[in-house]
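Student: Sequence:
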Amino acid sequence: MKNKIRLIIGIILFILFLTGITAYIYIPNKARSETTNSIPTVFIHGYKGTAKSFNTMLNRFEKNGWGKKGLVYFISSNGRILDYKVNGAQADQMFVQIILQNNRANFSDSARWLSDALRHLKENYNVNTVNLVGHSMGGIISVYYMQQYNTEDYPNVRRFVAIGSPFDGIYNKEYFKKHQDAAANDLKPNSVALRMLYQGGFPQTVDVLNIGSTGDLVAYPESVQTIRNIVPENQLKEVIIQDDDLGHSDLHESQKVDQMIHSFLWQDESQ
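Residue numbers (this note's numbering): 9 to 279.
No lab work stands behind these hints: they were computed from the structure.
Since no wrong hints were added, every one of them can be taken at face value.
Distance condition first, Cα-Cα at most 20 angstroms in a straight line; then the derived PhoX-like pairs of lysine-lysine: (1) K181 to K56; (2) K60 to K71; (3) K93 to K71; (4) K186 to K196; (5) K186 to K56; (6) K76 to K60; (7) K56 to K196; (8) K60 to K93; (9) K71 to K264; (10) K76 to K130; (11) K76 to K93; (12) K264 to K245; (13) K196 to K181; (14) K93 to K130; (15) K185 to K56; (16) K196 to K185.
Model the full assembly from the supplied sequences, consistent with the hints where possible.
Tutor: The following block contains the structure:
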């Protein structure tokens, strides 16, 4: 009788053991807390951007052995956060991609959604520090994040790369005949949203690389360079690529830009 009881108890414990393993394997990402020891680099697309905006750049980075995409955050129009693991969410250099469903929202809403994703990253993956890479409006809302969400509830930023970000707005008036929405209104020169960039204090601990191109007919070099009025000179490195064929969307497809980002984020740090 005692042997039967022991056998039954043993079977029950074994089943519970297997159940525990299965639960661990299949538990949803957002319910499981993990830790990454490296500083993740977060990529934020621009106005009307999608997953495609940074996909090819991140593929090139992976082929070069610079890191791996570990997480993709999709933020719905109502602010719901969905996080998807890629490559096990572990790498010496982990890339995190932010995708906003409403890619035409104003700066304030977009920055809030970015902050929600980064807070989730801190709370669920124990990430306290990140690098940011933003293309076009993605660079602008990154600055919004650093100015307005610079508290211990959110990851702090170590290094920031802006690619073709028109910090003084889009000068081409023809652009706004085609684009008429909340984001487009904020991207107009002298908009209230743009003026706010110059009123907030920029964190003194963030190093910045600002990249533009003479061929960019959306973010003119003159607009790109007004970041000088936001970021202190000793924290800022600027590069305007002299190439009239390198357009606005070409910037995140350029291997020259790849090398600049790699050098600034990772090579410079190791020297």
